[in-house]
Each structure stands twice: as C-alpha cells, then as structure tokens.
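Colleague: Each number in the numbering used here comes from the position in the sequence shown (counting from 1) with 55 added on.
Calculated directly from the structure, the hints in this document are not laboratory data.
Watch out, some of these pointers could steer you wrong.
[Claimed, not checked] In silico PhoX-like pairs for lysine-lysine, Cα to Cα no more than 25 Å straight-line: (1) K434 - K275; (2) K222 - K210; (3) K210 - K233.
[To be verified] Label pairs and their computed distance ranges (CB to CB): (4) S209 - N406: 15 to 21 Å; (5) K410 - N217: 45 to 51 Å; (6) S420 - A267: 25 to 31 Å; (7) S436 - S216: 25 to 31 Å; (8) E218 - K391: 39 to 45 Å; (9) L404 - T301: 35 to 41 Å; (10) T414 - G242: 15 to 21 Å; (11) P142 - D393: 15 to 21 Å; (12) G242 - R354: 49 to 55 Å; (13) G122 - D144: 20 to 26 Å; (14) D320 - E218: 24 to 30 Å; (15) D320 - A133: 18 to 24 Å; (16) F214 - N257: 28 to 34 Å.
Beta carbons: idealized from backbone N, C-alpha and C, even for Gly.
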Amino acid sequence: MKVSYNSILTKQHYQKHTKSEGFANFLPNTPNINSISQVTIPKNDFVSSSSIDSLYQAKFTSQEGYGYSVDAKGFMGADFNKAAGLPQDFKIHKSTLDAIVLHNQKHPNSINFSMETKKDNQLFGEDSFANIDLADTIKQYYKIFDQISAGVISKGKEFYSNEDLAKMPKGYFSKDKKMDHFEYLMGRMTSDELDGLTDRSNEKVTHIFRTAQDAEDAHKLWDDLSDINVEVNGNFLDFSPEVMTTEHTIPYMWVSSAGYDFKPDMSVYDNEQGYTKEQIFVAFLKNEQGLVLQGGTTRITDEARNVYRDTLILTKQDRSEIGIPKAYYDEILSGKKDLKDILARILKLRNLELKKDHTLEGLASKIMDVLKEFDERTKVSLKPIK
Numbered sequence: 056m057k058v059s060y061n062s063i064l065t066k067q068h069y070q071k072h073t074k075s076e077g078f079a080n081f082l083p084n085t086p087n088i089n090s091i092s093q094v095t096i097p098k099n100d101f102v103s104s105s106s107i108d109s110l111y112q113a114k115f116t117s118q119e120g121y122g123y124s125v126d127a128k129g130f131m132g133a134d135f136n137k138a139a140g141l142p143q144d145f146k147i148h149k150s151t152l153d154a155i156v157l158h159n160q161k162h163p164n165s166i167n168f169s170m171e172t173k174k175d176n177q178l179f180g181e182d183s184f185a186n187i188d189l190a191d192t193i194k195q196y197y198k199i200f201d202q203i204s205a206g207v208i209s210k211g212k213e214f215y216s217n218e219d220l221a222k223m224p225k226g227y228f229s230k231d232k233k234m235d236h237f238e239y240l241m242g243r244m245t246s247d248e249l250d251g252l253t254d255r256s257n258e259k260v261t262h263i264f265r266t267a268q269d270a271e272d273a274h275k276l277w278d279d280l281s282d283i284n285v286e287v288n289g290n291f292l293d294f295s296p297e298v299m300t301t302e303h304t305i306p307y308m309w310v311s312s313a314g315y316d317f318k319p320d321m322s323v324y325d326n327e328q329g330y331t332k333e334q335i336f337v338a339f340l341k342n343e344q345g346l347v348l349q350g351g352t353t354r355i356t357d358e359a360r361n362v363y364r365d366t367l368i369l370t371k372q373d374r375s376e377i378g379i380p381k382a383y384y385d386e387i388l389s390g391k392k393d394l395k396d397i398l399a400r401i402l403k404l405r406n407l408e409l410k411k412d413h414t415l416e417g418l419a420s421k422i423m424d425v426l427k428e429f430d431e432r433t434k435v436s437l438k439p440i441k
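Required output: the full structure, derived from the provided sequences and hints.
Modeller: Here it is, written out as structure tokens:
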C-alpha cells in the first residue's frame, strides 16, 4: 500500500485558504506540492467489536490503573503525577487515559494504516502496540501545554471562566518535534531508526497566535512554506466552551466521518465553579488528537515496525523529488538552511524560470521579510525544557 505524508494538520486546519500573494505566485504556473503523490485512504472498513475492546483493555490496564494508584472517584494518584511530570495536585481521570488507548487502537495512525491483515488488507482496529507508556506520553504533552498556556493557567488558580478560555492561544509553531516520516524523507534518519511514532520530549514552542488574525496569517504562511518544500511544526487550537464537552470532537484528518475521533469523557471534570486546569489540558489533548508518542517504554510490535518501515522506504522511492521537504521553518528563519538554495532547487526541478524582473536573491529577500515580520509579532522567549 502506497502512503503519502503531506501534512501534520488535523482535517479542521488542513483546508487550504485562498491565497492573495503566496510565495509560489512569484513562480509561473506552479503546481502545489501538496497535490503530488496523493493517495486515497479508505473511509471505512474499520474493525469494531467489544471483544477487541476487552482484549486491549486487559492487555494494558491493571487494577490500579495502568500500574498506578487510582482514587475512589477514578482520578490518577500522586505516583502517576510524578511519573508524568504533572503538578502534585493535578487530577487527571483514568477514563482520559482509557480514551487515549482506545483511540490509538481504533484510528488508522501511521502504523495501523500501513499494516496489512486478512481483513480488508488493513489493520484498522487491530493492535500495533506491544506496550504504551501513558505516563511518558502525558508528560510530553504537558510540557507543550505548559508552554502554550503560560500567562493564562496560573499556579494556585483552581477555576477558569469563558473569558479565560478566550485568552488561550489560537495556535502555535514549534521546533524540535521529531516526526520520523519527515526526518526519514529529509535524509536525517535511517530506515533502521523508523518506528512510526513521534518524539515531542524536546519540543519548544517558538511562536504563539494570540488573535484570530495571527492564526489566519499563520495558516497562509504554513500554506506558502509548503509550496516551497519547507515544513512547519505546530498546530491550531480551539479552546471554545464547546470543546469542553464530550460531544464536541476535533476531526482527525480523513477518518472524522468514521467516528474514530479522540473523544474523552469531559463530564468527569465538570464543576459548577468553572473550568479546571485539568479540563483545559484535556481539551488541549483533543486538539492534539491524543496520539501516543515515542518515549519511555512505548513500543510497537516487530511486525508493525517492519511493515511501516518497508512502506515508508517505498514511499520515498516512489515520491517525486519535488515532493520531498528540505527544511523546517525554524531552520529557514535562523539561517541554518539557505532559502535561496531551496528556491533554486524548486526552479530546477520544475524546469521553471522566475517571472520577469524577479531575481532569486530578491525573491528570497522578500520571503524572509515576511517571515521576520511574523516572527517579531508572534515569537515567544524560549526557556530550557526541563
């Protein structure tokens, strides 16, 4: 099965916006890179049965709750908080962890949709994990949440209002997020290192979008950078009151209509006095799709790893060179990667010339001016990741 990895946006934010003066408009008749090597993914044929649910729960749960203590109301104990790097008084419900496990079992993640089985040639609803370290996954997400919520979520404040939710970021850009398919396509990782999981343990939030206009500009910038083979790490966020309910989900790419969105029970966090910090954190997990991350004792099965690795090797071989990303946004911004070289490469691969009265240096300079203006407007001061 041939697979393309062309975006890390959720479906909600994957939609292309109308461009007025994107970077690609400086090039004549330029096809959008994201239209190259697309593959249609089946919309259904998922395996769903109570027996699979029971088997999966038996494999990963224990009486204590994934090996940690659980109080009488179902909240994880201090031992889990310590392992997950959460504040001592943090109250995350076991049902939230259950939802992460089930979501990663049932939706076609980068492992599952590349696997083949006797049922419909796809491992939808089967188990590709040998072990899931939930404490480590939560720890990585909380580090990112702690960065994006600074200035809104404060120590000692127990409840938050709709006005507080409105102050939460509309999105962010980041660096040092290791998605192995991008790393492999860029030649920064060998096939032996592939496991289909993402490492976010050292991820640093570099830009925060405080306003709707910032988010709209970020959308356009993301699209334009994609057109010139530059990848962006980050996400767009929704902390509206609706997201605080169980019923409201944030669709995960192509499978939203199949009912496999990450859907934790939000009612366990309800409080008449307002929204709790835990509830806002779980809303963040919903925005991030609750995907299991690489780290700790999390492992996928040897079979899943081998099939995923072989699939990605074929993907790289089959994909046109024009569809291979060459740098990340932060590398262009810092000067680590030369934007002029990337633009020259695109022109050569497409057998194109610059529009009349344009030079390569001039185009690179104009793009950098746009990047620097956005950087100055939305950048955050970086602190060491603990």
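Colleague: Return the numbers of the hints above that this structure violates; sort them in rising order.
Modeller: 3, 4, 9, 10, 11 and 12
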